[in-house]
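Listed here are the chains, written in short residue letters.
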Amino acid sequence: MKTMTEIVMPQLAESLVSATIDRWLKQPGDRIDMYEPICELLTDKVNAELPSTVAGTLVKILVGNGENVPVGTPVCIIETEESAANTQELHSSPSVAVETAGQRADDDDSAPMRNRYSPAVQQLASEHGVRLSDLTGTGLGGRVTRKDVLSYVASGKPGASAAAASASGVDPKAQVRSSGIHLSETPRIPKIEVEGTTLPGRGETFIDVTPIRNTIARNMRQSVSEIPHAWTMIEVDVTNLVMLRNKLKNEFMKREGINLTYLAFLLKAVVNAIKDYPIMNSTWAVDKIIVKRDINISLAVGTEDSVLTPVIKNADHKNVAGLAKEIDELARKTREGKLNLSDMQGGTFTVNNTGSFGSILSYPIINYPQAAILTFESIVKRPVVINDMIAVRSMANLCLSLDHRILDGVICGRFLQRVKDNLESFNMESTLY
Amino acid sequence: MTERENHYASGMLDARYIGQVPYGEAWDMQKAYVKQIDGGERAETLLLLQHPPTYTLGSDRHPEHLLLDQEELAARNISVFEIDRGGDITYHGPGQLVGYPLLYLDAVGLDLHAYLRSLEQVIIDWLGGHGIEAGRKPEYTGVWVGDEKIAAIGIKFNKARHRRGFITSHGFALNIKSGIASEGFGGIVPCGIQQFGVTSFNDLTGRSLSVEEAAEELLPYFLKQFRYERTDNGALTQE
Numbered sequence: 001m002k003t004m005t006e007i008v009m010p011q012l013a014e015s016l017v018s019a020t021i022d023r024w025l026k027q028p029g030d031r032i033d034m035y036e037p038i039c040e041l042l043t044d045k046v047n048a049e050l051p052s053t054v055a056g057t058l059v060k061i062l063v064g065n066g067e068n069v070p071v072g073t074p075v076c077i078i079e080t081e082e083s084a085a086n087t088q089e090l091h092s093s094p095s096v097a098v099e100t101a102g103q104r105a106d107d108d109d110s111a112p113m114r115n116r117y118s119p120a121v122q123q124l125a126s127e128h129g130v131r132l133s134d135l136t137g138t139g140l141g142g143r144v145t146r147k148d149v150l151s152y153v154a155s156g157k158p159g160a161s162a163a164a165a166s167a168s169g170v171d172p173k174a175q176v177r178s179s180g181i182h183l184s185e186t187p188r189i190p191k192i193e194v195e196g197t198t199l200p201g202r203g204e205t206f207i208d209v210t211p212i213r214n215t216i217a218r219n220m221r222q223s224v225s226e227i228p229h230a231w232t233m234i235e236v237d238v239t240n241l242v243m244l245r246n247k248l249k250n251e252f253m254k255r256e257g258i259n260l261t262y263l264a265f266l267l268k269a270v271v272n273a274i275k276d277y278p279i280m281n282s283t284w285a286v287d288k289i290i291v292k293r294d295i296n297i298s299l300a301v302g303t304e305d306s307v308l309t310p311v312i313k314n315a316d317h318k319n320v321a322g323l324a325k326e327i328d329e330l331a332r333k334t335r336e337g338k339l340n341l342s343d344m345q346g347g348t349f350t351v352n353n354t355g356s357f358g359s360i361l362s363y364p365i366i367n368y369p370q371a372a373i374l375t376f377e378s379i380v381k382r383p384v385v386i387n388d389m390i391a392v393r394s395m396a397n398l399c400l401s402l403d404h405r406i407l408d409g410v411i412c413g414r415f416l417q418r419v420k421d422n423l424e425s426f427n428m429e430s431t432l433y
Numbered sequence: 001m002t003e004r005e006n007h008y009a010s011g012m013l014d015a016r017y018i019g020q021v022p023y024g025e026a027w028d029m030q031k032a033y034v035k036q037i038d039g040g041e042r043a044e045t046l047l048l049l050q051h052p053p054t055y056t057l058g059s060d061r062h063p064e065h066l067l068l069d070q071e072e073l074a075a076r077n078i079s080v081f082e083i084d085r086g087g088d089i090t091y092h093g094p095g096q097l098v099g100y101p102l103l104y105l106d107a108v109g110l111d112l113h114a115y116l117r118s119l120e121q122v123i124i125d126w127l128g129g130h131g132i133e134a135g136r137k138p139e140y141t142g143v144w145v146g147d148e149k150i151a152a153i154g155i156k157f158n159k160a161r162h163r164r165g166f167i168t169s170h171g172f173a174l175n176i177k178s179g180i181a182s183e184g185f186g187g188i189v190p191c192g193i194q195q196f197g198v199t200s201f202n203d204l205t206g207r208s209l210s211v212e213e214a215a216e217e218l219l220p221y222f223l224k225q226f227r228y229e230r231t232d233n234g235a236l237t238q239e
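Each protein sequence line maps, in turn, to chains A and B.
All the letters of the first sequence, read from the start, carry residue numbers 1 to 433 under the UniProt record's numbering.
All the letters of the second sequence, read from the start, carry residue numbers 1 to 239 under the UniProt record's numbering.
Possibly wrong hints are sitting among the right ones.
Facing chain A, according to a computed beta carbon distance under 10 Å, are these residues of chain B, among others [said to hold, decoys possible]: (1) LEU127; (2) VAL145; (3) GLY187.
In silico EDC-like pairs for lysine to aspartate or glutamate, Cα to Cα no more than 16 Å straight-line [what the hints assert, rightly or not]: (4) A/LYS313 with B/GLU148; (5) A/LYS275 with B/ASP203; (6) A/LYS313 with B/GLU25; (7) B/LYS137 with A/GLU226; (8) A/LYS313 with B/ASP60.
For each label pair, taking beta carbons as the anchor points, the in silico distance ranges come out as [unchecked claim]: (9) B/GLY19 with A/ASN272: 37 to 43 Å; (10) A/LEU341 with B/GLU229: 47 to 53 Å; (11) A/ASP294 with B/VAL80: 51 to 57 Å; (12) A/ASP408 with B/LEU73: 53 to 59 Å; (13) A/HIS404 with B/LEU73: 54 to 60 Å; (14) A/MET220 with B/VAL80: 56 to 62 Å.
The set of hints was computed from the structure by calculation and includes no laboratory data.
Here a beta-carbon is modelled for each residue, glycine too, at the ideal position from N, C-alpha and C.
Excised from the complex, chain A in its bound form:
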């Protein structure tokens, strides 16, 4: 008995709302074994392969390369040759929508997919005020596709909101939605630009937006549009830390084979301050604030054309040497493109080492949905007044962006002061282990 099975975009991570198909590994007509990868997904900045949850033949690809779709959207259809009973069992798998024998029996045999609509189609229909049951599907098994909805709208039978869209001068044929705000929908800006202009004008070049760039854009926009950011800064005298590191760095390199970076000391200072102010390690959940017990530090690591935030898990369980090793490993994996999903998950607070590219002041965007992000700016020698005398000291700025729904100036001021105290209390007797 042959069955059509939809493979849907799985919930790969708790915070994941959508993912991009990077590349199809299988084409229609290909045989597919159970658990065989069928396509590569780009999720929050990392690659993952999507395994098939059934064995069969790939019939149709529903989401093309480079398209971003919400979790739960069917991405392809696989024809399986299993008995109805087996299919029934598969139905219990949470990540796969499978038609059961029972459901199919209720349907019109000629159009088994008639009353099944993908989320993308449902959204499109509601934006245009279209009743999906009015449509005749041209898709597989009588299924209503996006194209059906759009041609229905174009054929002059649109509902109220589409009429409004026409009135406001928007061409209903284009893939442009009727209102200006689409928080839940991924902006398809690259598509519109490339299609809307045939060739770059004089003095212009087009750069294709990579899936990673698109993910960064979406996360940044979500953060600035949802989180009311506030900003504060403190300056720290790291003269003693500079001397300590100079004393230890050669021996550390000999013993561990890696650089002893200032960042490792900063992380130690930040983690210890978070322990004293756990509210920094939290997230806004509308009716409550969720304070996370584990301190997992997201580390902003820049590459030539993107920025990734791999996570140091349980950073409070590590000493300076342990943190230095983690930093080295994550930076190396980032450069080599070897980060996996688990390296990227679970971050509770972000640190960005902006000093590494010479910045002395920055205004970071919070790594959504965390509560705050801290930057470590360049260490520079400056004249400083100590006891009414001028001394030359090594100084560094720490900048903090905070979610003002959760945090206020007083608590953040205290937190930064604690980070400062921790950094300034490193001295020649401090140890790494």
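Based on these hints, arrange chain B on the given structure of chain A.
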């Protein structure tokens, strides 16, 4: 007088790793060795070993902290011993490095708690060398990483018959194998501490260190902390 001369007798230690030994057998061994050390017939000794799955109840005796009944224990092939060390219930099993330092401590100026703290320090220093920040919890003996316990410590001080000091027995149990928390510690409330969990070296580091390797690595930290030299610098593992 230095601390060395003050508390620890010879400065020479017979240290060895003796593989997996049933709890009762190792306990008898400890008792025999303590007598021999007391009588001057044997060098102070550090036994490093593993046990088959075993629960031991210390002098605090809270049987309610053992969550399994006799049938479940038999089904899981776990032995239970009520023993003569300080502390509450704990679990021993494969994947855990057990260390029994049988040391002579002189009575003059002896601080028994300082001995516990020194044992903890050995483990803290070793973990520190691996980048792990371990520490103590003020109210609880043992070594902790965050809110999770990685090593349990329970000690008996045996009054020496022939000298004025004490000979130590029992010691530490350091979790090495990943997943040990769910294996044995699931059946008890470890040390009667309800709110905190248990962890292991391999869980913390993602490595797969063996118990024997851990014993090799830990020994230098022990010798340094207690200022001993080995009586025999041969292989730690002996047939």
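Outcome of the hint check:
This hint holds: B/LEU127 has a C-beta 9 Å from the nearest C-beta of chain A, less than the 10 Å allowed. With its C-beta approaching chain A no nearer than about 5 Å, B/VAL145 sits inside the 10 Å limit, and its interface hint holds. The restraint placing B/GLY187 at the interface with chain A is violated, with a minimum CB-CB distance near 25 Å, outside the 10 Å limit. As the CA atoms of A/LYS313 and B/GLU148 are separated by approximately 15 Å, the hinted pair is consistent with the 16 Å bound.
Between A/LYS275 and B/ASP203, the direct Cα distance comes to roughly 22 Å. Violation of the 16 Å bound is thereby established for this hinted pair. At roughly 41 Å between alpha-carbon atoms, A/LYS313 and B/GLU25 are farther apart than 16 Å, so this suggested pair is violated. Proximity of B/LYS137 to A/GLU226 is assessed by CA-CA distance (about 40 Å); at most 16 Å being required, the pair is judged violated. For a cut-off of 16 Å, the pair hint linking A/LYS313 to B/ASP60 is broken: about 36 Å separates their Cα positions.
About 41 Å separates the C-beta atoms of B/GLY19 and A/ASN272, a value consistent with the hinted range of 37 to 43 Å. Hint check: A/LEU341 to B/GLU229, Cβ distance near 50 Å, so the stated range 47 to 53 Å holds. For A/ASP294 and B/VAL80, the Cβ-Cβ distance of about 34 Å falls outside the hinted range of 51 to 57 Å, so the restraint is violated. A C-beta distance of roughly 54 Å is found between A/ASP408 and B/LEU73, which places it inside the suggested range of 53 to 59 Å.
A hinted range of 54 to 60 Å holds for the C-beta pair A/HIS404 and B/LEU73, which are about 56 Å apart. Against the hinted window of 56 to 62 Å, the Cβ-Cβ separation of A/MET220 and B/VAL80 comes to about 58 Å, which satisfies the hint.
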